[in-house]
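Put chains B and C on the given structure of chain A with help from the hints.
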Amino acid sequence: MGVVVVTGVPGVGKSTVMAGASEAGYGIVNFGDVMFEIAQAEGVPNRDQMRRLPVADQQRLQRLAGEKIAAIGNVVVDTHTSILTSRGYLPGLPEWTLRAMAPAIIVLVEATPTEITSRRAKDATRQRDADDVALHQEVNRAFAATGAVMIGATVAIIENHDGEVDDAVAQFRSLLA
Amino acid sequence: MGVVVVTGVPGVGKSTVMAGASEAGYGIVNFGDVMFEIAQAEGVPNRDQMRRLPVADQQRLQRLAGEKIAAIGNVVVDTHTSILTSRGYLPGLPEWTLRAMAPAIIVLVEATPTEITSRRAKDATRQRDADDVALHQEVNRAFAATGAVMIGATVAIIENHDGEVDDAVAQFRSLLA
Amino acid sequence: MGVVVVTGVPGVGKSTVMAGASEAGYGIVNFGDVMFEIAQAEGVPNRDQMRRLPVADQQRLQRLAGEKIAAIGNVVVDTHTSILTSRGYLPGLPEWTLRAMAPAIIVLVEATPTEITSRRAKDATRQRDADDVALHQEVNRAFAATGAVMIGATVAIIENHDGEVDDAVAQFRSLLA
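Protein chains in written order, with our numbering: chain A, 1 to 177; chain B, 1 to 177; chain C, 1 to 177.
Chain A with its partners taken away, still in its complex shape (with noise of 0.2 Å):
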């Protein structure tokens, strides 16, 4: 199958879903965490330091990021389909991303924005995000349908309700089956 691709808001219980990966014989990886090995060989010391670079230099960084992770073969990426920052909500897999990575599946994981802000509540160690759910989750759905169109990725949503968790593991793994 090749890459696949998982996203979607803080506090949606991403992590939970895609701990089903590795009975189907797929690896987990960080985007971000590939990406700052990348530049950590070149020389930047830290995450800060990379996120200063001049964006020809984080782009250069996200498609080295993308090849790297399209040479693996079978493996699941954990990543971010927008980020909201304080100039609005920026594409976690642009363009040059994409194509770089190619993966087969783009897979949103969703729920209701209540159901996320009350996960967000209860986790402590998690920074207050002021976001607001439904914008954010919507965002994603229209960022994941351009980068489909653009490499032919199909595009699947995992409804991971409260008390449904088995229910949202198995419907990832029979997406890698």
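Each statement offered as a hint is correct.
Subject to a maximum C-alpha distance of 25 Å in a straight line, what follows is the list of computed SDA-like cross-link-like pairs (lysine to any residue):
1) 68/A to 95/B
2) 68/B to 95/C
3) 68/A to 152/C
Computed footprint of chain A on chain B; a stretch qualifies when at least three of its residues, placed anywhere within it, have a C-beta under 8 Å from a C-beta of chain A:
4) 90-100
5) 131-144
The hints are simulated quantities; they were obtained by calculation from the structure and are not laboratory data.
Think of the CB as a built atom: it goes at the ideal place given N, C-alpha and C, for glycine as much as any other residue.
The following block gives chains B and C in isolation, referenced to the frame of chain A:
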């Protein structure tokens, strides 16, 4: 005008709406038929075999079908914006197909999910679709929007509601005028 | 920062929101004006003639206008994400324009359909739009999302609600900060 693509989820009544095309001087072709004709000329014996070709070959056939359709001139193309598969929503109009076919208009024929479900139930020949109709129509809008921005096509939505089919056909004909 | 594109349906109050740009050190240009200046220099006498040019010429003018704007540096661009035509929603920011202009932010100024309809009714100079406002805003979001993924721009939504214009202007200024 050139190529006008008409799409819609199964059961929405796409064929009925398209029936007005010939009076406006447009032929109607089915994208999948054109693609299979090209595959047949290359020795592929049937559609099942075509679907089992390597992805790169299928993409090449899609591109060739798009080019063949673009060469016709004024033509209405019966196809899908997305197809629901076991791996999620697959773009029926991926970038390479769109660029080859270069439609002037991408038409989305829509109805309410209730209307569509009811029409499907009445069609005894149709395999029951377990499809989430509202989501499928939402995905189609997003995929069509992406295609439009890529090639500068317009996106037109035609509402094909119960008891208003004449209005839907008239809307479609006015697009071709 | 560079180019910041501001869009919104007719009547949403785009100009009011943009008024804060000059205090932040940004000029404001209208995309259509820049395009017409270039056309005039090529001998096109008026905007009607420009709209009747072959599609390839119009696309070339859009690209040139985009490049001219990108060369300005910090600038706010008044334009449309989509234009409602007799053939459906036409992308106001098609791929070639976006790539030439390379905006850092695509801003969508929005309000509720009721607010927008009421503002249009109060504006005696405006031709009445028979537009489905909710759908038009939905299409704008989808078109903006596509553009963002293509070039890595952020998408920012500014709500310009009745009685809260100061808040909308402040939101816009914070984007430029």
